[in-house]
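Chemist: Each chain, letter by letter, is given below.
Number of protein chains: 2
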Amino acid sequence: MLRLYHQPLCPFSRKIRLVLREKNLAAELVEIEPWRREASFLELNAAAEVPVLVDDDAVVVDSAAICDHLHETHPEPDLLGETQAQRDETRRLVAWFDVKFRREVTDLLWGEKLLRRLKRNGTPSSEALRAGAANIRGHLAYIGYLYEDRRWLAGDVMTLADLTAAAHISVLDYLGDVPWETSSAARDWYAKVKSRPAFRPLLMDRITSIKPPVHYDDLDF
Amino acid sequence: MLRLYHQPLCPFSRKIRLVLREKNLAAELVEIEPWRREASFLELNAAAEVPVLVDDDAVVVDSAAICDHLHETHPEPDLLGETQAQRDETRRLVAWFDVKFRREVTDLLWGEKLLRRLKRNGTPSSEALRAGAANIRGHLAYIGYLYEDRRWLAGDVMTLADLTAAAHISVLDYLGDVPWETSSAARDWYAKVKSRPAFRPLLMDRITSIKPPVHYDDLDF
Numbered sequence: 001m002l003r004l005y006h007q008p009l010c011p012f013s014r015k016i017r018l019v020l021r022e023k024n025l026a027a028e029l030v031e032i033e034p035w036r037r038e039a040s041f042l043e044l045n046a047a048a049e050v051p052v053l054v055d056d057d058a059v060v061v062d063s064a065a066i067c068d069h070l071h072e073t074h075p076e077p078d079l080l081g082e083t084q085a086q087r088d089e090t091r092r093l094v095a096w097f098d099v100k101f102r103r104e105v106t107d108l109l110w111g112e113k114l115l116r117r118l119k120r121n122g123t124p125s126s127e128a129l130r131a132g133a134a135n136i137r138g139h140l141a142y143i144g145y146l147y148e149d150r151r152w153l154a155g156d157v158m159t160l161a162d163l164t165a166a167a168h169i170s171v172l173d174y175l176g177d178v179p180w181e182t183s184s185a186a187r188d189w190y191a192k193v194k195s196r197p198a199f200r201p202l203l204m205d206r207i208t209s210i211k212p213p214v215h216y217d218d219l220d221f
Numbered sequence: 001m002l003r004l005y006h007q008p009l010c011p012f013s014r015k016i017r018l019v020l021r022e023k024n025l026a027a028e029l030v031e032i033e034p035w036r037r038e039a040s041f042l043e044l045n046a047a048a049e050v051p052v053l054v055d056d057d058a059v060v061v062d063s064a065a066i067c068d069h070l071h072e073t074h075p076e077p078d079l080l081g082e083t084q085a086q087r088d089e090t091r092r093l094v095a096w097f098d099v100k101f102r103r104e105v106t107d108l109l110w111g112e113k114l115l116r117r118l119k120r121n122g123t124p125s126s127e128a129l130r131a132g133a134a135n136i137r138g139h140l141a142y143i144g145y146l147y148e149d150r151r152w153l154a155g156d157v158m159t160l161a162d163l164t165a166a167a168h169i170s171v172l173d174y175l176g177d178v179p180w181e182t183s184s185a186a187r188d189w190y191a192k193v194k195s196r197p198a199f200r201p202l203l204m205d206r207i208t209s210i211k212p213p214v215h216y217d218d219l220d221f
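Residue numbers (our numbering), protein chains in the order written: chain A, 1 to 221; chain B, 1 to 221.
FYI, nobody ran anything at the bench for these hints, they're computed from the structure.
Just so you know, these numbers come straight off a predicted model, no measurement behind them.
No residue lacks a Cβ here, since even glycine has one placed at the ideal position from N, Cα and C.
Any given hint might turn out to be false.
[Said to hold, decoys possible] Pairs of lysine-lysine residues, derived as DSS-like cross-links and limited to a Cα-Cα distance of at most 30 Å, are as follows:
(1) A:Lys192 x B:Lys192
(2) A:Lys119 x A:Lys211
(3) B:Lys100 x A:Lys113
(4) B:Lys100 x B:Lys113
(5) A:Lys192 x B:Lys211
(6) A:Lys113 x A:Lys100
(7) A:Lys23 x A:Lys100
(8) A:Lys23 x B:Lys113
(9) B:Lys113 x B:Lys211
(10) A:Lys192 x A:Lys119
(11) B:Lys100 x B:Lys211
(12) A:Lys192 x A:Lys211
(13) A:Lys192 x A:Lys113
(14) B:Lys100 x A:Lys100
(15) B:Lys23 x A:Lys100
(16) B:Lys211 x B:Lys192
(17) B:Lys100 x A:Lys119
(18) B:Lys192 x B:Lys23
(19) B:Lys192 x B:Lys119
[Claimed, not checked] Short derived list, chain B residues pointing at chain A, Cβ under 7 Å:
(20) Leu44
(21) Ala47
(22) Ala48
(23) Arg102
(24) Arg103
(25) Glu104
(26) Lys211
Next up, chain A with everything else stripped away, as it sits in the complex (with noise of 0.2 Å):
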């Protein structure tokens, strides 16, 4: 039995959300806000993070770590390649999304927009704001260029670096913050990943402070 303790706009959460997906693994899902840093939590999680996944005895601590257990513990579909060049690149863009875009991007835009209001942590730093707005192209424009010769992210086959990609860029689209119309590569790539039966569940998801745009959820937009 999987339970996964999660936010629902947390794009680490997300990306654990879709890995279980993928490999078709059910696991019920439990909403909770670390930062209050309740005592039963940080029990299991001394970091008070999300996402935390318990499979049976087992607590697995981080996204990474959750990501290398479901790979040992559930192999197929293998989320990496086939080749070793294929799980390179796959591993070398996993790592840009989750620590150069996350740096330059996400905890710039959604870490102010939306970490700081859930947590009441005062307001946005505009600085934050103009700079994540004006990174977010580049990081767009590379995932058009990527995407032009390829038929996903890192090659011929979907994997887990589509997978961390999308799970960034959909809590940025809920925000409203990507500028789609800034590349259209991007834009097919998106919403190629979008209409694959794992993003359903998260397209669905809504916090009541903040609604979406209308093509949020809209898998031709």
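Since the structure of chain A is already known, use the hints to place chain B on it.
Modeler: Chain B only, in chain A's frame:
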């Protein structure tokens, strides 16, 4: 033939140097200043970051991807642990140091003091330095807490968790930023990692603009 593009005082580069040595793999080391964005290096890594590993025809980018690549191409010795629970714990701690510790300590101290100087990018933020100096105490206490019950950070065997933590700590120790007096257990753990033969080359690195404190390369500090 392996070639590693690295920076001597970059924690992520150091981690890979430790992994290579622990796996008894020889690699040619190429020192690079990635912030110069030289065209030949950007061709290897569009993100303009070290470490980058070249393994014959393969170009492997990002320290986590390099660890996975080396784990798959040279499985022995395994640096993750034998059981699933051990591997999960190793990876939890790898993420703890590479993500949380990096954000709360490394970026604030090493990033402000050293990286800014190397990049000739302004003066350190005193707010960041204060926050980093406060945060490292909690992390040292956590290392001590783990080590009091275990032979190594993630359990009874030396793993990638120890190498990751020690790679970060080692650059902060070079800068004289580790308040060892606050946790004797953390100091004992670090003395143990530091004594491994794999660590020796790291302790011999010097940069011209900053000298390390006298205890830096002392194994019985």
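Chemist: If a hint holds in the structure, say so; if it doesn't, say that too.
Modeler: Hints and how they fare:
With a C-alpha separation of about 51 Å, the suggested pair A:Lys192 and B:Lys192 falls outside the 30 Å cut-off, and the hint is violated. Using a Cα cut-off of 30 Å, the hinted pair A:Lys119 and A:Lys211 holds, with the two alpha carbons roughly 18 Å apart. For the proposed pair B:Lys100 and A:Lys113, the alpha carbon gap of about 21 Å is at most 30 Å, so the pair holds. Proximity of B:Lys100 to B:Lys113 is assessed by CA-CA distance (about 19 Å); at most 30 Å being required, the pair is judged to hold.
With a C-alpha separation of about 53 Å, the suggested pairing of A:Lys192 with B:Lys211 is violated against the 30 Å cut-off. A distance of roughly 19 Å separates the Cα atoms of A:Lys113 and A:Lys100; the hinted pair therefore holds under the 30 Å criterion. Pair hint A:Lys23 plus A:Lys100 holds up; C-alpha atoms about 26 Å apart against a cutoff of 30 Å. The straight-line distance between the Cα atoms of A:Lys23 and B:Lys113 is roughly 44 Å, outside the 30 Å bound, and the hint therefore fails.
Note on B:Lys113 and B:Lys211: the hinted pairing holds, with a Cα-Cα distance of about 13 Å set against a maximum of 30 Å. Proximity of A:Lys192 to A:Lys119 is assessed by CA-CA distance (about 33 Å); at most 30 Å being required, the pair is judged violated. With a C-alpha separation of about 27 Å, the suggested pair B:Lys100 and B:Lys211 falls inside the 30 Å cut-off, and the hint holds. In summary, the hint linking A:Lys192 to A:Lys211 is supported, as the alpha carbons are separated by about 23 Å, within the 30 Å threshold.
Between A:Lys192 and A:Lys113, the direct Cα distance comes to roughly 27 Å. Compliance with the 30 Å bound is thereby established for this hinted pair. With a CA separation close to 15 Å, the supplied pair B:Lys100 and A:Lys100 stays within the 30 Å bound. Annotation: proposed proximity of B:Lys23 to A:Lys100 holds, straight-line Cα distance about 28 Å (limit 30 Å). Pair hint B:Lys211 plus B:Lys192 holds up; C-alpha atoms about 23 Å apart against a cutoff of 30 Å.
As the CA atoms of B:Lys100 and A:Lys119 are separated by approximately 18 Å, the hinted pair is consistent with the 30 Å bound. A C-alpha spacing of about 18 Å is found between B:Lys192 and B:Lys23, which places the hinted pair at or below 30 Å, so the restraint holds. The hinted pair formed by B:Lys192 and B:Lys119 fails the criterion: a straight-line CA distance of about 33 Å is larger than 30 Å. Restraint check, B:Leu44 versus chain A: the minimum CB separation of about 11 Å is more than 7 Å; hint violated.
The criterion of a C-beta within 7 Å of any C-beta in chain A is met by B:Ala47, whose closest approach is roughly 6 Å, and the hint holds. The closest approach between the C-beta of B:Ala48 and any C-beta of chain A is roughly 10 Å, which is over the 7 Å cut-off, so the hint fails. Because the closest C-beta pair between B:Arg102 and chain A is about 9 Å apart, greater than 7 Å, the hint is violated. Interface restraint check: B:Arg103 against chain A, minimum CB-CB distance 9 Å, threshold 7 Å, status violated.
Look at B:Glu104: its Cβ only gets to about 10 Å from chain A, farther than 7 Å, so that hint breaks. Among the interface hints, the one on B:Lys211 is violated; its C-beta lies about 30 Å from the nearest C-beta in chain A, farther than the 7 Å criterion.
Hint compliance for this structure: hints 1, 5, 8, 10, 19, 20, 22, 23, 24, 25 and 26 are broken, all remaining hints hold.
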